Amino acid sequence: MTDRSVYLDHAATTAVDPRVVDAMLPYFTEKYGNPSSIYSLGREAHRALEQSREQVAAILGADKREIIFTSGGTESDNTAIKGVAWWNRLKSKGNHIITTPIEHHAVLHSVEYLQRFGFEVTYVPVDRDGVVDPGDVEKAIRPDTCLISIMYANNEVGTIEPIAEIGEVAIRRHVPFHTDAVQAAGYLPLDVNKLNVDMMSLSAHKFYGPKGVGILYVRRGTPILYQQSGGAQEGKRRAGTENVAAAVGLATALTISHDNLEAEVQHASRLRDRLIAGIEERIEHAHLNGPRTNRLPNNVNFCFEFVEGESMLLNLDMAGIAASSGSACTSASLEPSHVLKAMQVPIEIAHGSLRMSVGRENTEEDIDYVLNTLPGIVLRLREMSPLRAGQESWGSGDSHTEHTHQE
Amino acid sequence: MYSEEVMDHFSNPRNVGTIPDADGVGTEGNPVCGDLMKIFIKVKDNRIEDIKFQTFGCGAAIATSSMATELVKGKTLDEAMELSNQAVAKALGGLPGNKMHCSNLAADAIHAAIEDYRAKHPVASAASS
Chain R
1 MTDRSVYLDH AATTAVDPRV VDAMLPYFTE KYGNPSSIYS LGREAHRALE QSREQVAAIL
61 GADKREIIFT SGGTESDNTA IKGVAWWNRL KSKGNHIITT PIEHHAVLHS VEYLQRFGFE
121 VTYVPVDRDG VVDPGDVEKA IRPDTCLISI MYANNEVGTI EPIAEIGEVA IRRHVPFHTD
181 AVQAAGYLPL DVNKLNVDMM SLSAHKFYGP KGVGILYVRR GTPILYQQSG GAQEGKRRAG
241 TENVAAAVGL ATALTISHDN LEAEVQHASR LRDRLIAGIE ERIEHAHLNG PRTNRLPNNV
301 NFCFEFVEGE SMLLNLDMAG IAASSGSACT SASLEPSHVL KAMQVPIEIA HGSLRMSVGR
361 ENTEEDIDYV LNTLPGIVLR LREMSPLRAG QESWGSGDSH TEHTHQE
Chain S
1 MYSEEVMDHF SNPRNVGTIP DADGVGTEGN PVCGDLMKIF IKVKDNRIED IKFQTFGCGA
61 AIATSSMATE LVKGKTLDEA MELSNQAVAK ALGGLPGNKM HCSNLAADAI HAAIEDYRAK
121 HPVASAASS
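Going line by line, the protein sequences match chains R and S. Under the numbering used here, the first residue of the first sequence is numbered 1, with each subsequent residue one higher. Under the numbering used here, the first residue of the second sequence is numbered 1, with each subsequent residue one higher.
Some hints could be false.
[Claimed, not checked] One side only, chain S facing chain R, incomplete, derived with CB under 7 Å:
no., residue
1, V16
2, G34
3, L36
4, K38
5, F56
6, C58
7, S84
8, A87
9, G94
[Claimed, not checked] Pairwise CB distance ranges, derived in the manner of DEER restraints:
no., chain 1, residue 1, chain 2, residue 2, range
10, S, P96, R, S36, 42 to 50 Å
11, S, A91, R, D368, 25 to 33 Å
12, R, D317, S, H101, 56 to 64 Å
13, R, F117, S, P96, 28 to 36 Å
14, R, S37, S, G93, 53 to 61 Å
15, S, M81, R, G320, 57 to 65 Å
16, S, E70, R, A277, 40 to 48 Å
[Said to hold, decoys possible] Covered stretches of chain R, going by a simulated chain S footprint (3 or more residues, C-beta under 8 Å):
no., stretch
17, 310-318
18, 344-351
19, 374-385
If you are wondering where the hints come from, they were derived from the structure by calculation, not from laboratory data. In this text the structure is predicted, and so the values were computed from the model without any measurement. The beta carbon of each residue, even a glycine, is placed where N, CA and C say it ideally should be.
Assemble the whole structure, with the sequences as input and the hints as a guide.
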């Protein structure tokens, strides 16, 4: 074990910025009113909520009425996709949804859910870097297409999708376009008009805000059927007493991240590039997943041949390094990453994937510590592995064909 | 999620390596499934005199390989054939539920190595049984 700790899983979640905590605190114990109440305590909470909404809307280039506060990225994706689909079902309109095989499970499982009710889904393929071709999206559009849902940036491999171009197609063909921008926030521009999107999901805890709060942007004129019944909150699109403290936290975190976007991008990119270059220099049979350019500034994802991801994570954890893997063993499904599979990474290699996502508090020393630690871990596991470079057959039962082990 | 015993065997695995002149070699699993174990045995007087393993897989796969080799070292072949995957997991203080099937193959790999030995040495096997 070590005293050193390096957190490299910012794509999973981030620490809440202390300024965000400070902004939230009064709404728990002092300004705790229900925004729907008419007395001053309620009006105070209502004002804070609406001010947060305005702050978010300004950053997105949207109208405040187009911002729905939700419980996070998963709810935003569910509300967008099921909301549009069920509205279309209600009006006996479109029945076809276009998405990609590399979406977050909040999107993929939402469309699979709708398939059980007769909705049809087209998965537009991605290339080996995980990039969607807007031309393929256009080709997939049918007269009954009611929704396109394509992520802004991929959570596993950091691929940035051509959202504005896909949006142009969607506008030209009059199909509502949703993007899951959960990983993009904090690093990429979020102006919904430049991105040509009708709906966009964000989650606060990915940009140094609290967990349990997100937003769904819904452009005026894009009808959705509410997915949660109850009161008339959030323009009757999301029932339930508003989480005022969380909304304030989200707006504060988004504002901080928006104001420092350029510096954050530079800081993360520098660390990312140092990590990628260092790994490629020090570790053989390492393959960068995702593109070299057009990549999220904070994302590093490699496959290391002949080793398995979870055992790498355990060893990294013993060295104080927190990272993530798309290996089967780290998922409940026991299937390796659906993203790497869609990018045609061979399954046995996909088991050895390692994602490291840098963030605000990481330093060059952190990266150098990882670069000094990781090669030894990979080497140790490779020495233990029966798989070897250039070894075609394994399990022949004939010991004489085996390579001798290097002690 | 893993017991202390699992983490101990994962961090300091026993009997890692190969035996270049092994009397029997057994393999279980598949790299496509994310787990592959290879067992090498040296047999003397019908006992497992030496045993080594190589494993590609998760923490549970490595720990079960290590524990299983410890459990059968010095045992007769018949005794080693009795070892079950469940017994290996039990000796490690249990495994998470989702690891019981995919990563708990070490006993099977040992059985395969013994069968490989017996197929190659029919006379010795017959004489001792």
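Here is how each hint holds up against the structure:
1. V16: This hint holds: V16 of chain S lies near chain R, its Cβ roughly 5 Å from the closest one there, short of 7 Å.
2. G34: 4 Å, holds
3. L36: Where the cut-off is 7 Å and the nearest Cβ of chain R is about 6 Å from L36 of chain S, the hint holds.
4. K38: 4 Å, holds
5. F56: 4 Å, holds
6. C58: Because about 4 Å separates C58 of chain S from the closest Cβ in chain R, which is inside the 7 Å limit, the hint holds.
7. S84: 21 Å, violated
8. A87: 22 Å, violated
9. G94: 17 Å, violated
10. S:P96 with R:S36: 42 to 50 Å: 45 Å, holds
11. S:A91 with R:D368: 25 to 33 Å: Once the Cβ atoms are compared, 40 Å apart, the range 25 to 33 Å for D368 of chain R and A91 of chain S is violated.
12. R:D317 with S:H101: 56 to 64 Å: 24 Å, violated
13. R:F117 with S:P96: 28 to 36 Å: 34 Å, holds
14. R:S37 with S:G93: 53 to 61 Å: 54 Å, holds
15. S:M81 with R:G320: 57 to 65 Å: Given a distance of about 43 Å, which is not inside 57 to 65 Å, the answer is violated.
16. S:E70 with R:A277: 40 to 48 Å: For E70 of chain S and A277 of chain R the Cβ distance comes to about 42 Å; the hint holds.
17. 310-318: Holds: 4 residues of the stretch 310-318 of chain R have a Cβ under 8 Å from chain S.
18. 344-351: holds (count 3)
19. 374-385: holds (count 3)
Violated hints, in rising order: 7, 8, 9, 11, 12, 15; the structure is consistent with all others.
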